[in-house]
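> Single-letter residue listing:
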Amino acid sequence: MQSKPIALTVLDIVSVIVLGISTYLALVFAPTEAVMGDVQRVFYFHIGTAWTGLLGFIIASIAGIAYLVSKDMKWDRFGVAAVEVSTVFFFLTIVLGSIWARPAWNTWWTWDPRLTTAAITELIYVAYFMLRQGLDDPEKRARFGAVYTLLGGPSAILTFLVIRLFRSIHPVLTNAAEKAQETMGMTGNMKVAFFFALFAFTVIFIDLIWHRVRLGSLQEKVEQLKLNASS
Amino acid sequence: MIEVKKLVKRFGLKTILRGVNFTVQPGEFVALLGPNGAGKTTFLRILASLSRPSLGEVRVAGYALPGQAAQVRARLGVVSHMPLLYPDLTAEENLFFYARMYNISNPALHVLEVLNLVGLAHRRKDLVRTFSRGMQQRLAIGRAVIHDPDVILFDEPYTGLDQDASEMLDEVLRSVASQGRTVVMTSHDLVRAEDLATRFDILSRGVIAASSTKEALQNTNLLAFYKQALAD
Amino acid sequence: MNPDIFTPRDTARPSFPGAVLAIIQKDLTAEFRSRELFSAMLVFSLLVIIIFNFALELDITVRKSVAAGVLWTTFAFAGTLGLNRSMAVEKDRGCMDGLLLAPVDRSAIFFGKAISNLVFMLIVEAIVLPVYALLYNEMRILQPGFLGVILLGSIGYIAVGTMLATMSVQTRMREILLPILLFPIAVPVLLAAVKVSGGLIAGAEWPEILTPLNILIVYDVVFVSIAYMVFDAVVEE
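Protein chains in written order, with the working numbering: chain A, 1 to 231; chain B, 232 to 463; chain C, 464 to 700.
Keep in mind that the hints were calculated from the coordinates and are not lab data. Hints should not be assumed to be uniformly reliable.
Said to hold, decoys possible - Using 20 Å as the maximum straight-line C-alpha spacing, the simulated PhoX-like pairs for lysine-lysine come out as follows:
(1) A/140 with A/71
(2) A/71 with B/245
(3) A/226 with A/71
(4) A/71 with A/4
(5) A/226 with B/445
(6) A/74 with A/221
(7) B/458 with A/140
(8) A/221 with B/245
(9) B/245 with A/74
(10) A/140 with A/191
(11) A/4 with A/221
(12) A/140 with C/527
(13) B/458 with B/445
(14) A/140 with A/74
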């Protein structure tokens, strides 16, 4: 069995450090937002998790195409890793969004296009895992998983576009949401916290994916050893 | 007619076929025998172009799989233990549908010929739903030979048939095989296999463990040969 | 029996439209004989509309604004019934293998199955729509533009549905899995269709419904192309 690569250990440490710095920047360094107050600080992590969730979604689609073209199981491990990590990050995004929405718009949930698309994407992920669970042959599982992520990508984009059209039904809330993000008027220190959060979560994301891919290959090795031992 | 070299098939981590070498000359009737789980059905599905080989070379009727699958399919008939027929269509409609899928000219006349061949012409207007298992299996053979294939694969054709139906199937099988076609049949019914085939190959643990023609087997019986091959 | 009883014939492969047409005709013949799928879809649709009537207390003002949503929800649910059934027929007796053994393009099999599924859905819609129009005196849903939207929405829904039903019948959960796989992917086509049809019922101007109409068309084009490209990945081993 191969031991943990040094680069991964380094990345683990860097992840913890950048998470620490990003927390500091968000909670202490950045000034309190004038209108919304302290709750606005949730925004830095909210954006960080949303960005990485989106990144994972794109990577999963690319891994899906790569698998279908090459039929190499490593792409399947990569795709599963991206979907799993992305599922957690999107979930965090939704939770953080709710925490922010409660004081800002006096409701836990708004049918804002971004929020709704994130929620539907979560459902696509749940369906993805159920699909994989229903299949015994690993090769078929990889193939169907790849096809499903391939369908999920364009669907999520169109979902976002179409839900924007429904804003007329919730004019106040969705307009407020748009305004909150577009006219936030970030000061210099806010911008530092904002961009550092993006950077920090990208590092953490890469670290987690790496771990998950490695776990996948170790899992496969264990299965292989079990099979060899039993036959 | 069939040429398989070092064929390996894996399902995930499980290796089902571990380097099968298998050659069939035109006109041979090969019975592929072996215990359950030896990979007979997997092997046949690869020959039928339904499953891709993981490694190795497969040629059927002169064309390589999976690269030239369409050419192979046009020259190949398959009968499995499932009938591959639509219960809500009549015997005639089922065959007519497959005739169109194989682009057969003058399908109506041809369907009738095939129905005569399998002895179902009198039931041609009846729904397949109303057929007995044996009749369905005969019609399935008719479906498999509708495009006059050079190679026919039978996967456990006797599954679920009673004595009478089996004997009737014997007859149809023999007439289909006698027209210079190459046949590979999997079975665990040694008596039937001994009766029909001209060569016996034994698949065990993912390889061909033994092979013998009927002539070479003359002084021993098939059961002894089968047991010997599995014991090695 | 000797080989001479076979009349000679060429073994050329069938043309793409030839294979598609053969599959459609096979499905329609079988279905018009048994009417199992069709009657299940139709009865189910009418029941859903009746339930909606009481669940939403469809009085005259509410009715106008929710009609599009009620109709599309009904069609989506009825559609999954049809899709499941149509693919189970192929899977249960190994007929899918029979199709795959034929020397035809895999995408011809997809289009054959998808078009017959579409035909079943359109027939059900063609009966449900006038019934709805009569029950609620909503004649606007019979205008040509509205029917066009029904067609566009059904095409996208069935394209993705045929693809996913082919996948779900191969899993352990089979029928249960289809709606779970299909609905999140079908959100854009259903919502865009609701938006356009809702606009038409309300008598909206063209520019108002142009954007959702475009999304509807984009969805159809994108997903029919994806299905065309990757269908062999869901049927071949």
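> Checking one constraint from the list: CA of residue 140 of chain A to CA of residue 527 of chain C, max 20 Å. Satisfied?
46 Å, violated
> When you check the alpha-carbon spacing of residue 4 of chain A and residue 221 of chain A, does it fall within 20 Å?
15 Å, holds
> Going straight from one Cα to the other, do residue 221 of chain A and residue 245 of chain B come out at no more than 20 Å?
At roughly 12 Å apart (the allowed maximum being 20 Å), residue 245 of chain B and residue 221 of chain A satisfy the hint.
> Quick one, are residue 71 of chain A and residue 4 of chain A close enough, alpha carbons at most 20 Å?
27 Å, violated
> Starting from residue 140 of chain A, check that the Cα of residue 71 of chain A is at most 20 Å away, please.
Status holds; Cα separation ~11 Å.
> Between residue 140 of chain A and residue 191 of chain A, is the straight-line Cα distance small enough, at 20 Å or below?
46 Å, violated
> Residue 458 of chain B and residue 445 of chain B were given as a pair; does the straight-line alpha-carbon distance stay at or below 20 Å?
16 Å, holds
> Below or equal to 20 Å on CA atoms is what counts here, so check residue 226 of chain A against residue 445 of chain B.
Distance of about 41 Å is beyond 20 Å: violated.
> Check the hint pairing residue 140 of chain A with residue 74 of chain A against an upper bound of 20 Å on the C-alpha distance.
Roughly 14 Å separates the two Cα atoms, so the pair holds.
> Decide if the proposed pair is consistent with the structure: residue 71 of chain A and residue 245 of chain B, CA atoms, cutoff 20 Å inclusive.
17 Å, holds
> Take a quick look at whether residue 458 of chain B and residue 140 of chain A sit within 20 Å of each other, Cα to Cα.
35 Å, violated
> Check whether the Cα positions of residue 245 of chain B and residue 74 of chain A lie no farther apart than 20 Å.
Status holds; Cα separation ~17 Å.
Checked against the numbered hints given earlier, this structure breaks hints 3, 4, 5, 7, 10, 12; the rest are met.
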